[in-house]
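2 protein chains.
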Amino acid sequence: MDRPRVAAFLAASLDGFIAEADGGLGFLKPFEKEEHGYAAFYASVDTLLLGRKTYETVLGFEEWPFRDKRVRVLSRSPRKPRFGERFVSGEPPSVLATLAAEGARHVYADGGEVVTGFLAAGCLDALTLSIVPVVLGTGIRLFAHSPGTHRLSLVSTRTLESGVVQLTYALMPGRG
Amino acid sequence: MDRPRVAAFLAASLDGFIAEADGGLGFLKPFEKEEHGYAAFYASVDTLLLGRKTYETVLGFEEWPFRDKRVRVLSRSPRKPRFGERFVSGEPPSVLATLAAEGARHVYADGGEVVTGFLAAGCLDALTLSIVPVVLGTGIRLFAHSPGTHRLSLVSTRTLESGVVQLTYALMPGRG
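Protein chains in written order, with the working numbering: chain Y, 1 to 176; chain X, 1001 to 1176.
By construction, these hints were calculated from the structure, which means they are not laboratory data.
Honestly, I wouldn't trust all of these hints.
[What the hints assert, rightly or not] Label-pair ranges, simulated between beta-carbon atoms:
| no. | chain 1 | residue 1 | chain 2 | residue 2 | range |
| --- | --- | --- | --- | --- | --- |
| 1 | X | R1158 | Y | P173 | 25 to 33 Å |
| 2 | X | T1057 | Y | R79 | 38 to 46 Å |
| 3 | X | S1094 | Y | H145 | 48 to 56 Å |
| 4 | X | P1065 | Y | G103 | 52 to 60 Å |
| 5 | X | D1068 | Y | V155 | 22 to 30 Å |
| 6 | Y | M172 | X | R1067 | 33 to 41 Å |
| 7 | Y | D2 | X | L1059 | 50 to 58 Å |
| 8 | Y | E102 | X | L1059 | 58 to 66 Å |
| 9 | X | S1162 | Y | E35 | 24 to 32 Å |
[Said to hold, decoys possible] Example chain X residues on the side facing chain Y (calculated, C-beta under 8 Å, incomplete):
| no. | residue |
| --- | --- |
| 10 | L1010 |
| 11 | L1025 |
| 12 | L1119 |
| 13 | I1140 |
| 14 | L1142 |
| 15 | T1159 |
Glycine residues also receive a C-beta, built at the ideal position from the N, C-alpha and C atoms.
Turn these sequences into a full structure, and let the hints steer you where they fit.
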């Protein structure tokens, strides 16, 4: 069975931070109103794979935003599911084998650590990065640790009115 | 006297590295043949302001590439000039006052530390960043230390055949 396709959809400052030092996303606020293609991307996936930190952030939202999707949380400490989510652990290939057995075909990997780990393991297929016109100086980096060197293939670029530039890449086979 | 306009023209990996961990630029090699607008940018400046490390790198080149420009090197340890370059030191505003008195109108700030220091001091006016389609994992970061938070205004984008995306920003007045 082919493994599911895995894609990430992230926003970062020009200097590569996906969140402020305290995890806050205030720097993205001025750019939230714009249509970034998130809805179309979200509609294209059947499964969300969340990192533990992202999961905990989402639990704090007023509403669970993923009712219509299979949600899996990468965590070594399973807990009681609240919205049908399940907990998975292991290396990216075995996680993807589990997801494939459940019927996943297109996975949205969300959270800096998940994206970094899947990229490092050669298990990320596509990356959409919206670069907001801000230098943040400090914060949480796009890649939580070094994912190694990888060649990318630019698939598309979009420039939004606000100055956000959205770059979509496919990962090229093999390592950089 | 108005201070000179200061611009930077840099290339970085998607994860924000301007050089490999050892200072090497091998990751840029596959993209060097393309026309990136460097010649036009270079023609538009009258003065180069180099960081000490960039200066030492350039001294190792077969030929001094800046014969037709005023070259100033930011260094606290002046040495014997080899190609008419002069050494300057001090905070960005005083360096710019010195350059203005020498007739500089448009300065090309080159080197991660110079660009970071001038941005931090509110003395950078424009930044062109060519993002190569590579995740490098480790290396020397675009900003050598935190330059603080800054709002940028996207001036233009260019997408090259190789997948390099060139973004040009103007710095917005005031701090982020």
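Tell me the numbers of any earlier hints that the structure contravenes, in ascending order. 2, 3, 5, 10, 11, 13
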